[in-house]
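Trainee: Work out the full structure, taking the sequences as your base and the hints as a guide.
Here is how the chains run, residue by residue.
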Amino acid sequence: MALKRIFPHPLLTLVLTFVWLALVSTVTLGNLILGFAVGIVVPLLTAPYWPDRAKIHYPFRVIEYALIVLWDIVVANVEVALIILFKRNANIRSHFICVPLELTSPEAITVLAGTITMTPGTVSATLAADGQAILVHCLHTDDPDGVRAQIKNRYERRLKEIFQ
Amino acid sequence: MEMYTEILVSFFLVVAGIFGLVGSFGMLKLTDTMQRLHAPTKATTLGVGGVLIASMLYFGLGKAQVSFHELLITIFLFLTAPVTANFIAKTYMARNIKPEELPASEREYGWAVYDDPPGRAEEDFHERERKGRN
Numbered sequence: 031m032a033l034k035r036i037f038p039h040p041l042l043t044l045v046l047t048f049v050w051l052a053l054v055s056t057v058t059l060g061n062l063i064l065g066f067a068v069g070i071v072v073p074l075l076t077a078p079y080w081p082d083r084a085k086i087h088y089p090f091r092v093i094e095y096a097l098i099v100l101w102d103i104v105v106a107n108v109e110v111a112l113i114i115l116f117k118r119n120a121n122i123r124s125h126f127i128c129v130p131l132e133l134t135s136p137e138a139i140t141v142l143a144g145t146i147t148m149t150p151g152t153v154s155a156t157l158a159a160d161g162q163a164i165l166v167h168c169l170h171t172d173d174p175d176g177v178r179a180q181i182k183n184r185y186e187r188r189l190k191e192i193f194q
Numbered sequence: 023m024e025m026y027t028e029i030l031v032s033f034f035l036v037v038a039g040i041f042g043l044v045g046s047f048g049m050l051k052l053t054d055t056m057q058r059l060h061a062p063t064k065a066t067t068l069g070v071g072g073v074l075i076a077s078m079l080y081f082g083l084g085k086a087q088v089s090f091h092e093l094l095i096t097i098f099l100f101l102t103a104p105v106t107a108n109f110i111a112k113t114y115m116a117r118n119i120k121p122e123e124l125p126a127s128e129r130e131y132g133w134a135v136y137d138d139p140p141g142r143a144e145e146d147f148h149e150r151e152r153k154g155r156n
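First to last, the protein sequences are chains Y and W. Quick note: the first sequence, position 158, residue 188 per this note's numbering, numbers continuous. Quick note: the second sequence, position 81, residue 103 per this note's numbering, numbers continuous.
Honestly, the hints are just simulated from the structure, not real lab data. Accuracy of the hints is not assured; some may be wrong.
As the list claims (entries may be wrong) - List of simulated lysine-lysine pairs, DSS-like, C-alpha gap at most 25 Å:
#, chain 1, residue 1, chain 2, residue 2
1, Y, K117, W, K51
2, Y, K85, Y, K182
3, W, K51, W, K112
4, Y, K182, W, K112
5, Y, K85, Y, K190
6, Y, K85, Y, K34
Mentor: Here it is as structure tokens:
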């Protein structure tokens, strides 16, 4: 397949072209061609670094996931701000929480860890050595099991649908 | 620029300022490093996010030109901020927290900060054997 050889990663080509256009911020034919050239060259050069890249099965679920995460970020920001402002340090109960993972692809686990860190109130600390559990630090909670259930039901379940 | 655009832009700037301030205050107030890690995640999300939304509105509604730079900043921040936080957490854990103080990983292998990944221990063993023979 000649086409496959020129575009080993069509999505990356598309993203790079878009990012280039967004960076120069003016859409002209010259910029489009230049961006497209970057979009062809970079995937060819970086191909050795993604031998078993993940497949995204439902592209529209990605948008749904992003919107849910954005909303959660806003809500959690307010919650954490209230904790910082109005709770005495002695009353803040931080917990390390172990969340067993069903995700197996490294890309999916990376997205989940990033999501956990970006939603204020939880930070992903480390993975188990075999990558099948994630250690989460929670700023304040009375219900560690609830936090674990939320991560599993709200984020992991959706990522599983997207990546597996 | 019209009145309502100005109000909208100022609103997002003020929200961003408040969250940036609370994030910095949290850094001062909280006591241990793992807790302090939570503060910058707030500053990068709603703090910077508010400024970016304000900037988009200012150029979009006020000057009628669409700007994608804010979108790119958001994407790059969301890609890089968790990685930094993770590095800090791991370094802190390796230096200051003993594995016994953490909840068990409930698996054969412990947490990656302290334990080798599967296969690694055997590899080391073979390497040592090879070296011993030479």
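Trainee: Look at each hint and say if it fits the structure.
Mentor: Evaluation of the provided hints:
no., hint, verdict
1, Y:K117 <-> W:K51, "holds, 10 Å"
2, Y:K85 <-> Y:K182, "holds, 21 Å"
3, W:K51 <-> W:K112, "holds, 22 Å"
4, Y:K182 <-> W:K112, "holds, 22 Å"
5, Y:K85 <-> Y:K190, "holds, 11 Å"
6, Y:K85 <-> Y:K34, "holds, 16 Å"
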